[in-house]
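Student: Chain A is fixed; fit chain B onto it per the hints.
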Amino acid sequence: MVERSPVLTAICHLILIGGVVLVCMPLYFAFIAGSLTMDEVQQVPLPLLPGGHFIENMAAAWVKVNLGQLLINSFIVAAGITVGKITISLLSAFAITYFRFRFRLLAFWLIFMSLMLPVEVRIVPTYEAVANAALPIQWIIEALNVSALWEWVSGHRVEISLEWNMLNTYQGLILPLIASASATFLFRQFFLTVPDELLEASRLDGASAMRFFWTILLPLSRSNIIALSIILFLYGWNQYLWPLLFTTDRDMATAVIGVKHLIPRSDTEPTWNLAMSGALLTMLPPVLVVLVMQRWFVRGLVDSSK
Amino acid sequence: MVVLAHEPGLKQAHFRKVGLPALLLLPQLLILLFFFFIPSIRALAQAFLLSDPFGATVHFVWFDNFKALFDSESYRNSIWVTIWFTLAQNVVTIVIASILAFATDRVVRFQSAYKGIILLPYAIAPVVAGVLWAFMFNPSVGPVAFFIKSFGIRWDPNLNGSDAMLLVVLAASWKHICYDYIFLVAGLLAVPKSLMEAAAVDGAGPIKRFLQIAVPLLGPTLFFLMTMNFVYGFFETFAIIDAVTHGGPAGATNILVYKVYQDGFINLDLGSSAAQSVLLMTFALLLTLLQFKYIERKVNYGI
Numbered sequence: 001m002v003e004r005s006p007v008l009t010a011i012c013h014l015i016l017i018g019g020v021v022l023v024c025m026p027l028y029f030a031f032i033a034g035s036l037t038m039d040e041v042q043q044v045p046l047p048l049l050p051g052g053h054f055i056e057n058m059a060a061a062w063v064k065v066n067l068g069q070l071l072i073n074s075f076i077v078a079a080g081i082t083v084g085k086i087t088i089s090l091l092s093a094f095a096i097t098y099f100r101f102r103f104r105l106l107a108f109w110l111i112f113m114s115l116m117l118p119v120e121v122r123i124v125p126t127y128e129a130v131a132n133a134a135l136p137i138q139w140i141i142e143a144l145n146v147s148a149l150w151e152w153v154s155g156h157r158v159e160i161s162l163e164w165n166m167l168n169t170y171q172g173l174i175l176p177l178i179a180s181a182s183a184t185f186l187f188r189q190f191f192l193t194v195p196d197e198l199l200e201a202s203r204l205d206g207a208s209a210m211r212f213f214w215t216i217l218l219p220l221s222r223s224n225i226i227a228l229s230i231i232l233f234l235y236g237w238n239q240y241l242w243p244l245l246f247t248t249d250r251d252m253a254t255a256v257i258g259v260k261h262l263i264p265r266s267d268t269e270p271t272w273n274l275a276m277s278g279a280l281l282t283m284l285p286p287v288l289v290v291l292v293m294q295r296w297f298v299r300g301l302v303d304s305s306k
Numbered sequence: 001m002v003v004l005a006h007e008p009g010l011k012q013a014h015f016r017k018v019g020l021p022a023l024l025l026l027p028q029l030l031i032l033l034f035f036f037f038i039p040s041i042r043a044l045a046q047a048f049l050l051s052d053p054f055g056a057t058v059h060f061v062w063f064d065n066f067k068a069l070f071d072s073e074s075y076r077n078s079i080w081v082t083i084w085f086t087l088a089q090n091v092v093t094i095v096i097a098s099i100l101a102f103a104t105d106r107v108v109r110f111q112s113a114y115k116g117i118i119l120l121p122y123a124i125a126p127v128v129a130g131v132l133w134a135f136m137f138n139p140s141v142g143p144v145a146f147f148i149k150s151f152g153i154r155w156d157p158n159l160n161g162s163d164a165m166l167l168v169v170l171a172a173s174w175k176h177i178c179y180d181y182i183f184l185v186a187g188l189l190a191v192p193k194s195l196m197e198a199a200a201v202d203g204a205g206p207i208k209r210f211l212q213i214a215v216p217l218l219g220p221t222l223f224f225l226m227t228m229n230f231v232y233g234f235f236e237t238f239a240i241i242d243a244v245t246h247g248g249p250a251g252a253t254n255i256l257v258y259k260v261y262q263d264g265f266i267n268l269d270l271g272s273s274a275a276q277s278v279l280l281m282t283f284a285l286l287l288t289l290l291q292f293k294y295i296e297r298k299v300n301y302g303i
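Protein chains in written order, with the numbering used here: chain A, 1 to 306; chain B, 1 to 303.
Extracted from the complex, chain A is given alone in its bound form:
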């Protein structure tokens, strides 16, 4: 600090305390509401101290939307998205930085084009793609007129119809979200800073390309992978639109969708106490991740936006 100014420092503390209050106020009210009975939560003004029904409400919310199953689904989906994105991004970054082949720049641009086009902007067609992922293959078959060819060869009429429906499956929740231009570029940028001597040395020792990748490049990327994993885990856990559309079966939904179903509507009982305890339970895993791994989280966030 350049100069001492106790008054300004005090004001800064006040500003920051204001920020902390702003962040915590919704969480505190949620905690209070989550600890009251349905009748108590209706009274205005809301009490400023929590009641004694917190565990009870959590149990009720847990049963009402089958939250246990939904939390497991969220873990599977978030982990799947994290592992999937990192794996395919590492592999494609390795391919475009360490190999010279004819379509290298084309591959680079194909991946880059997907940057910044979130699924939200192409909801309907992507939904159709997941409802029947075999559709493009079906078109190819129709275009090639395979069934007419088969009829001509064998004399039997055959209708070829492929269907690969991914609705209400984990792969349907995970696969459309794992293509990642930004993760690919993060690893590409990092690979470009790795000294060339490492590859030259490992070549002298007779290591193959994949051996180099496994024993040298991957261990060097460890800290990048950890930082990015945290961001991707949060991204996967907090996904909303995708699970909302793809899971017509309520037991295949994720925890955040469960929270949506807990929100009282004008035509239902005003069970805000259950909604709040469900919301707190759902936010717990990602909040813990951020609290425990704060340093990595900040690094991942700044890195992944580069």
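FYI, nobody ran anything at the bench for these hints, they're computed from the structure.
The model shown is predicted, which means the values in this text are computed figures rather than measured ones.
Beta carbons are placed, not taken as given, at the ideal position from N, Cα and C, and that holds for glycine.
Where hints are given, some of them may not hold.
[Claimed, not checked] Which residues of chain A face chain B? A few of them, derived with a C-beta cut under 7 Å, are:
no.	residue
1	VAL20
2	SER114
3	ALA209
4	VAL290
[Said to hold, decoys possible] Negatives, chain B to chain A, calculated, CB over 10 Å:
no.	residue
5	PHE151
6	ILE153
7	GLY161
8	PRO216
[Stated by the list, open to error] A few chain B residues facing chain A, derived, Cβ under 10 Å:
no.	residue
9	LEU49
10	PHE102
11	CYS178
Tutor: Relative to the frame of chain A, chain B by itself:
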């Protein structure tokens, strides 16, 4: 030994193979093909087709879907709603984040505790943030709504459009302030101490130094953050809208992304929804180009 790179982005020491890199790229490219390129092309095709909800008849209609969009009152309304929503959210977010970052830079005690708590909303899902704010401002049970009404102000986001807009702006900003905050704190750390000291010797006070030295130096970062705030407001606030207002009352918070969803999945107007998707994709591409400009300016936001 210095050898110029033959190709951009290729390592000096590299392999010359075709099969292996193709295999390595295959998973990424297949995912992109199935869930990105084919859907995008289909959206483009559908945007020029008119079909009934059951898909029985399909006609090629040139730009009729786009024309119908811009003629429709509800779409024009949605554009204005989106502009107001993203602008308000952007200003609230960046102003509060700047003030908090300035204060964080000045304090030594408890600094990491403050940071840790202010960062928390990043971990909270937008729909959960939406639920929390919907409860606080609920006209019949919400504690903050009670507080507002105790001043004799009428408050009902279920009936009054501007109340609903204010509520979603606040909820969306609450969730996103932490993002801008992280980058600004990192940016302030990177401002050279010597500049600040020189200005202090010349008699500039802390606030003047912040506004006249730090803010201009952080210009590119601020530009980047504003772009990201727009991206967030446009595309990632879907869940907040869905949890808090459902686009209502009477379309007052019906932002474009929410309207695509409503028209495509609830009203089953595929042609119109696809045309809207195409417009949104174009807009997203424009934002990407803006980002490119930012990257070209090569700012330092090392932490």
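Student: Can you list which hints this structure breaks, lowest number first?
Tutor: Hint 9 contradicted; others consistent.
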